[in-house]
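Just so you know, this note's numbering puts 62 at position 81 of the sequence shown, and the rest follows in order with no gaps.
Certain hints may be false.
[To be verified] Cβ-Cβ distance ranges computed for the label pairs, FRET-style:
id : residue 1 : residue 2 : range
1  : 212       : 136       : 18 to 28 Å
2  : -3        : 169       : 21 to 31 Å
3  : 166       : 2         : 38 to 48 Å
Hints listed in this document are in silico derivations from the structure and should not be mistaken for laboratory results.
For glycine and all other residues, C-beta sits at the position ideal for the given N, C-alpha and C.
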Amino acid sequence: MLSIFQQWQDTGNRVKQAALAAGREPSDVMILAVSKTQPAESVIEAWRAGAHGFGENYVQEAESKIVTVRRLLADEIGHRLPGNSAIPAGIGAPQWHFIGPLQSNKTRTVAELFDWVHSVERLKIAERLSAQRPAGLAPLQLCVQVNVSGEASKSGAAPAEAGELCLAVARLPNVELRGLMAIPEPEADPARQHRPFAALRALAGDIRARLAVELPEAAARFDQLSMGMSGDLEAAIAEGATIVRVGTAIFGARAAKAAPGA
């Protein structure tokens, strides 16, 4: 069994080759290590291998994990926030990205602990994150999730509604709209994998054009496409992904979810 370090290196090489094949700079694509159900020790091992962004789906599980990782790494990074064991963003500290469906009763925890939220699909959620983001923290970075495949079982705003949602989110304080996220229907045919990613890229271009007219500063920040996972990251990168979400290829088989109701 390969170590997390080796699997991180292999994933990095895969992303590099995909970017070069698409005529892009590999540094323009971030690998988000999806650490849901993984223990804090595995997160730290991946961080030491070079991962700095970690994706979590379950608030309850993530809350205890983030606190543990920050405590264990505080001395290693050499800096703590006053009054607690939290590590500030930057200086090589892990950044935490919430990528799962978010319920209203969980927004405060996410607003207090995370750096990014990729799964905003309703204005109410964005408004709560905005209101609950602590004043001493940097603005929470947000992506609007779009249901590009139109699947009834998938979360995300309808493509036709995403533009208005983005405009509303971009006007909120304490948060910054950064781009779009999608989880397309799985597709084994590599040629067909491109379609939803191309659609999301085109939608992002349309929304950026609207922002440029109404909110130019927001348009300048609207530069992220969170799309692509282990099975389709090559297609996603070819279509402009800036963040790919990779779990099993880095950490190995996923453990069972630790706690219900998260």
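Results for each hint:
In this structure, residue 212 and residue 136 meet the distance hint of 18 to 28 Å, their C-beta atoms being roughly 19 Å apart. The supplied range of 21 to 31 Å is met by residue -3 and residue 169, whose beta-carbon atoms lie about 24 Å from each other. Under the hint 38 to 48 Å, the C-beta atoms of residue 166 and residue 2, about 24 Å apart, miss the expected range.
Figure legend: structure checked against the earlier numbered hints; the only hint not met is number 3.
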